[in-house]
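Trainee: Same order as they appear, the protein sequences are chains P and Y. So in our numbering, the last spot in the first sequence is 637, and the numbers never skip. So in our numbering, the last spot in the second sequence is 637, and the numbers never skip.
Calculated directly from the structure, the hints in this document are not laboratory data. Keep in mind the model is a prediction, meaning the values are calculated, not measured. Honestly, I wouldn't trust all of these hints.
Treat identical chains as interchangeable: a pair holds within one or across any two.
[Stated by the list, open to error] Derived lysine to aspartate or glutamate pairs resembling DMTMM-like cross-links, with alpha carbons at most 25 Å apart: (1) Lys-608 - Asp-577; (2) Lys-347 - Asp-600; (3) Lys-608 - Asp-369; (4) Lys-347 - Glu-384; (5) Lys-347 - Glu-487; (6) Lys-347 - Glu-615; (7) Lys-347 - Glu-512; (8) Lys-347 - Asp-509; (9) Lys-608 - Asp-509; (10) Lys-608 - Glu-618; (11) Lys-608 - Asp-406; (12) Lys-347 - Glu-593; (13) Lys-347 - Asp-553.
There are 2 protein chains.
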Amino acid sequence: MAVRPPLRPLDSVDTAACVGAGTIGGGWAAYFLSRGMRVRVWDPSPDAPEKLERLIDAAWPALTELGLAPGADRSAWSVHTDLAEALEGVGFVQESAPEVLEVKQRLLADIAAAAPADVVIGSSTSGYSMTEMAGLAADPSHLVVGHPFNPSYLIPLVEVVGGAATEPAAVAWAAAFYERLGKSVIRMDAEVPGFIANRLQEALWREALHMVDNGEATVEQIDRSITDGPGLRWPLQGPMLTFHLAGGEGGMAHMLDHFGPSLLSPWTRLEAPELTDRLRDAVIAGSDDEVGERTFEQLVHARDASIIAVRKAVASVREAYESAAAQAAREIDGAAEREEG
Amino acid sequence: MAVRPPLRPLDSVDTAACVGAGTIGGGWAAYFLSRGMRVRVWDPSPDAPEKLERLIDAAWPALTELGLAPGADRSAWSVHTDLAEALEGVGFVQESAPEVLEVKQRLLADIAAAAPADVVIGSSTSGYSMTEMAGLAADPSHLVVGHPFNPSYLIPLVEVVGGAATEPAAVAWAAAFYERLGKSVIRMDAEVPGFIANRLQEALWREALHMVDNGEATVEQIDRSITDGPGLRWPLQGPMLTFHLAGGEGGMAHMLDHFGPSLLSPWTRLEAPELTDRLRDAVIAGSDDEVGERTFEQLVHARDASIIAVRKAVASVREAYESAAAQAAREIDGAAEREEG
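Full structure from sequences and hints, please.
Mentor: In structure tokens:
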């Protein structure tokens, strides 16, 4: 392996390559544009430019509402069918190819070979580890997972983790790069199948499938149990902090000591870990760290204010879209009547 | 068992009893008051009136912002230490005693014996089945689970299900009563441990505990993976509809056919059910029912608008409370400096 130059300075990066321009890759392209970058896209399908243009058109009002970077230009992109051409002069590469291991392996090897030697390459994979995906790369040292969430231009979370052969400096660079762009980065030290958010989502999803399978709940009931229940708490305070608050002034310690035995209840098909002293103390210490200086009363007030604000926000969206849908239905009915008449 | 009179008409109910006035019971009291009802509380602890007054004071601004019913009076409540006295003349009873089976059994038997014969009795239990809890009641026919979520004055969801000896009419009455009060009711046909939302939450919570236990994620990373990720989608569209949209125009059918094999991946410790044709078809049909007449494009626009609105709502709450906390910290520092000086 040739000696590589140092990674380029973050503030010199003004162009990104998006390899693959489907829903996720196209979302990344729109996001990079909104942050004032230029984007070079590799996508071999003939309708890629047209689809990408539609996606950017659809995303731009949302991105504008959240705030564009100075100089953001929605048309500062080009599509290339030659990979080396797409990677020319870029300061970062985001790979968002279909979720097929062999495809990812081949493509990441080609990208690593063709990209400038001082750039980092992020993969949008939602489930493969970089150690698996990097298998064909001659030099995998700059290959990093940067896992976004759909829609990738609106959801802040990006999970960042390297593979066995990734340079730690490349992982740190990727985390800093995404953060600089306004993303909320979780940098993981170890590769875990499904990363963090997908493991949590997947546990919930599998329990939901079991319930449908056993006739215990309908799809609509499952969704409403979240949208009108815990889902209203989670945009401000995650499941751990929610549990901490449910413990009242006694917090997480009270909850674990009081409700610990319910971990043995068949409230889900997932077996709980044994609530050892070590686990108990780790969860309490983690909650205390997260809470920091905030008092119980401050947390409760913020939670309540957030639930109200979120309920109002969602109600206004429901009203706008339900009345729009009703209006569209009336127009279709009207047109049908006119045709009949 | 004596023949019971028919259940009283919903629109004649203007007084509710709250048995137990802790966080959940007190929250119910505040909510009933905000809907224009009078509330009679049974709680034997000497500081119950003072604590309830504090809880109502804290909840009232939020309830006012969400809209009070005409005639709502925050002081229309009384606390009683005698159960029969508390139940005098009420049109509904909500039991929110501590989550201890023997306590619930004894109390529900006493309530069923002392309450007016034509009223329904709802229990806030978060995990016991009514069949278990009703064991000591001479007449359990009006005993129904009405499971709320903390804070019970702000979260709309109530899960309603009867026990083996509950009259179906009492379950229907309870569902209609909560709905009339503005709650989002899920009426379950069968008793399932943990009901619906808690089963889903519990699966996620147990996966989170496993991750902490194995050093795979910190408490803060787990919370942020939800607050900055999927948690932003869930207040408008639940996990099933989210998955449907992730399938693009092909919807849930595309997702199940394409990502079905990932159910075998170790993305959580919870084993998935086998994706049989029957389960596949049930999930697709349920998603189609939930979507109704809405087009894919309408769903995507509503989702994006909701994510933006929720992000803005949460950001404004964060800013308000973080600056308040910072201000409080400055004041404390200032006071400390003055003392030192």
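Trainee: Evaluate each hint against the coordinates.
Mentor: Okay, the hints, checked on the actual structure:
no., hint, verdict
1, Lys-608 - Asp-577, "neither (38 Å within a copy, 35 Å between copies)"
2, Lys-347 - Asp-600, "between (41 Å within a copy, 18 Å between copies)"
3, Lys-608 - Asp-369, "between (33 Å within a copy, 23 Å between copies)"
4, Lys-347 - Glu-384, "within (23 Å within a copy, 67 Å between copies)"
5, Lys-347 - Glu-487, "neither (33 Å within a copy, 48 Å between copies)"
6, Lys-347 - Glu-615, "neither (29 Å within a copy, 38 Å between copies)"
7, Lys-347 - Glu-512, "neither (41 Å within a copy, 38 Å between copies)"
8, Lys-347 - Asp-509, "neither (37 Å within a copy, 44 Å between copies)"
9, Lys-608 - Asp-509, "neither (34 Å within a copy, 37 Å between copies)"
10, Lys-608 - Glu-618, "both (15 Å within a copy, 21 Å between copies)"
11, Lys-608 - Asp-406, "neither (48 Å within a copy, 40 Å between copies)"
12, Lys-347 - Glu-593, "between (49 Å within a copy, 14 Å between copies)"
13, Lys-347 - Asp-553, "between (54 Å within a copy, 24 Å between copies)"
Of the hints listed earlier, those the structure fails to meet are numbers 1, 5, 6, 7, 8, 9 and 11, in rising order.
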